[in-house]
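Q: Respectively, the protein sequence lines represent chains A and B.
So the first sequence is residues 1 to 108, counted in UniProt numbering.
So the second sequence is residues 1 to 865, counted in UniProt numbering.
To be clear, the hints were calculated from the coordinates, so they are not data collected in a lab.
Not one of these hints is a red herring.
One side only, chain B facing chain A, incomplete, derived with CB under 10 Å:
1. E21
2. M23
3. E24
4. L27
5. E28
6. E29
7. Q32
8. E33
9. R49
Don't be surprised by glycine CBs; every beta carbon is placed ideally from N, CA and C.
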Amino acid sequence: MKGTYLGEFEEVVLLAVAIRSGDAYGAAIVNEIEQQMNRSVNLGAVHSALSRLQEKGLVSSEMGGMTAERGGRRKRLYSVTAYGRRALEEIRQLRNQMWDAIPNPALT
Amino acid sequence: MKPPKFATFLLHLFSSPHRTEEMEGDLEELFQERIREVGLRQAQWRYVRDVVSLLRPSLIKRQEHHYPRPTNTTMLRNYLTIAFRNLTKYKGYSAINIAGLATGMAVAILIGMWVWNEFAYNKSYANYGRIARVMQNQTFDDGVKTWTGQAMQLAPELRSSYGSHFKYVVTADYPGSHLLSLGTKNISNVGNFMEPDITEMLALTMLKGTRSGLRDPSSVLLSETAAKSLFGDTDPLNKLITIDKKIPVKVTGVYADLPANSSFQELMFIAPFELKKKGLPDWVGWGNSWFQTLVQIADNANMETVSAAIKDAKLNKVRTNDDARFKPVMFLLPMSKWHLYSEFREGVNVGGQIQYVRLFSIIGLFVLLLACINFMNLSTARSEKRAKEVGVRKAIGSVRKQIMLQFFSESLLIVSVAFILALMLVVLVLPAFNAVADRHIAMPWSNPLFWIAAVGFSVFTSVVAGSYPAIYLSSFQPVKVLKGTFRVGRFAALPRKVLVVVQFTVSITLIIGTLIVFQQIDFAKNRPVGYDRSNLVSFWIKSDNLINHFNTFREELLNTGFIEEVAATDSPVTYTGVTNSGLEWRGKIPNMADEFVTLRVTHEFGKMVGWKIKEGRDFSKEFATDSSGFVLNEAAVAYMGFKKPIGEIIKWGDGTYKVVGVVKNLITQSPYEPVRQTIFFINYKRISLITFKINPAKSAPEALARVEAIYKKYDPDNEFNYKFTDQEYAKKFGEEERIGKLASFFAILAIFISCLGLFGLASFVMEQRTKEIGIRKVMGASVSNLWQLLSKDFVVLVIISLLIAIPATWYYMHGWIQQYTYRTEISWWVFAASGAGALLITLLTVSFQSIKAALMNPIKSLRSE
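Looking at chain A on its own, in the form it has when it is part of the complex:
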């Protein structure tokens, strides 16, 4: 995690973008997180996390894909950048490393 600290919620949002890859936009990510984690999320929190992630270079975005249920408005579609993917992997590796370091008896 060189330099870029990823908060817990940011990590969740970044994972959601990865899950929905190709169709990751604000409302979809809200739905995804709500389904996965079974908790309600504010749209504002998601948007602000997305824009922070973009500033850090972990996701990129483009406009597109207007649909009828949005009243013909465009979406901002996010996708995970290579740097974002590496960051996710690093987090996972770090977690695994720490899991591995737990002596077995403690878990039982």
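Please build the complex by placing chain B on the supplied structure of chain A, with the hints as guidance.
A: Just chain B now, with coordinates in the frame of chain A:
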């Protein structure tokens, strides 16, 4: 199914435009989904929550632009930078330019504020436009005299016979200092006895009591200040006080102090005129013009009509008696004219203070003009240096409009700096100016008119000063300028020369004018006065005790050894204001409308002032008959046409008087006018002023202390206020001296500003001619040769100015001096001296630069090309 409108509205109001679309889309999509999943209410609630959560600073923040500033402000910034660099590069010029303009502006602002203040005089009264003073013109043997004084019978007559023209008519005494006493507390205050309608006329603001309080015949209205000094914090209403220890009155009201800068500003109390009337003898009638009559005309009336209608108000009443001879004509002087148009000659209004207002307005305009000319001259001269800059700017794409804008904004910048400096200067000088001008002028910071004038003037100056470089320089062809084939036209310097001539003409005019004013003052000062003013001190009698015991008072003073002589008169010897008429003498032309200045004196008066007896003798106590004797001055002898005046009998009223002596003329009135026919006679009753002469061998302060101690024995209530006669006499020149001082200040300023300009211009010319001077030196020209060559141009300009200024000044000052009967001749040396002075100053100014240029090493000036 629609989401809550206000939430959408809130989103549009705050969110950053570049995010709004996606946010709204997301909101809408989630809303529709949630209606299906959790119902409308819940969906709406979630919608609002989402909108609120979206309104966070990080999402409201506007999108950043990659090109944050429009390019044209960069160019404007460049203009400012260049302007600033030009200012700092030529520090000397900038300082001269800005300082000159700032002083000129400061003078103009000061004079402007003063003029404004003069015109605002009395305007704070609500009935300003309808109040007037009744004046009278009377025709005497030696001309028409205009008086403000009226008989007290006039007001009742105006009320009864001319009532429809007036709303209020008020008889008033002249304001004077009176002693107000509360118990043992005595305070002397300026007040007046006036009829009760005055309170309505002046629309007094009553702090306590009512305006009608003055209708009580033994009442008094106090000003706020007077009430405070007399009563402190206690309520003065219905308290009893006495005026001059004689008249008991009840305080029936307190009014807010009358506005400053007005005719009644000093009025500390108003008492009913009835009180004054009670103390007057029965014989006071139409012939005694001792009071003022103030009127407020009816609301529908017109000042001129009313003035014409009351013309014969007095004449109709005096047809049967003596006063008809003087053909009294009544007229109104509106309040708007009291201050600025108060002088009359031969019954015609000849202005007054307005002359000075005009004079100084002109001077102020001139000084400002000089400063502007300076500014224009220097900035146009400098601008030719910047032809190359214009060339480069044009070559890289500036259009003409931009270059014009650049020069205009540059001159606006300098003018603004000068204006701020001028304001600071005015704030600094204002207290001193107020002291000299005897005014209370404050900076009109909150007056929009002031700012409009200031901004308007600044823009005007900068446009005028900036127009030459803006229009002329922007027309250059860049190719010519950059190749160096560009030449300034032969006549480019002509307008500058004309402006220098204008500057010096104005300065020289001011200087000559000032010199002549001082010459006239000096002339009048050196006029033989006819008596000795040194060591004379006088004071007004405020207690009858002093009149009744005058002789013992005199003895006591003489016994101290500090006082040489004591005498009493009815008016000050330096200002004899009493005139009388109706005298009969042998050889008088029948029905001649005679008028004499009369001075009641005590026996030793002549001895004390040291008058010079020409014929006959002085008054003497050895001759009992002297109590009905006259001493005449030379003018009176000439007026009555006596060959041998001594022993002549003169009838006056019921009495007959014998001429015992003739004295040389004494100047007791204006030193600029011929001495008027004057009669001196003995009277110990109607005296109002005591004068004493301090022994020159003794110290004056000690003598005054002794006199005061004795004075207190006779009049314990009043303060001992004395005046030195020589100082009072000097006040006769006060007005002229004040004008002279101010005018000389402005004249010096004018010449200073002109010289500043000349200095800058000279240094510019020298710089331009550096190479020429170098070549001349190489060819063998001497320093004095060069000095002559370089100074000649400027001297010629000043000589032209002299040729214009001298005849103009002579013509104007000749007219001015005619207003004085006793006047100096305008002598040629004034012109010669100011001409020589102007030339000398010019030479000094220019020589500093020309000698510097002439001394320069030619190697240095020719080395570079």
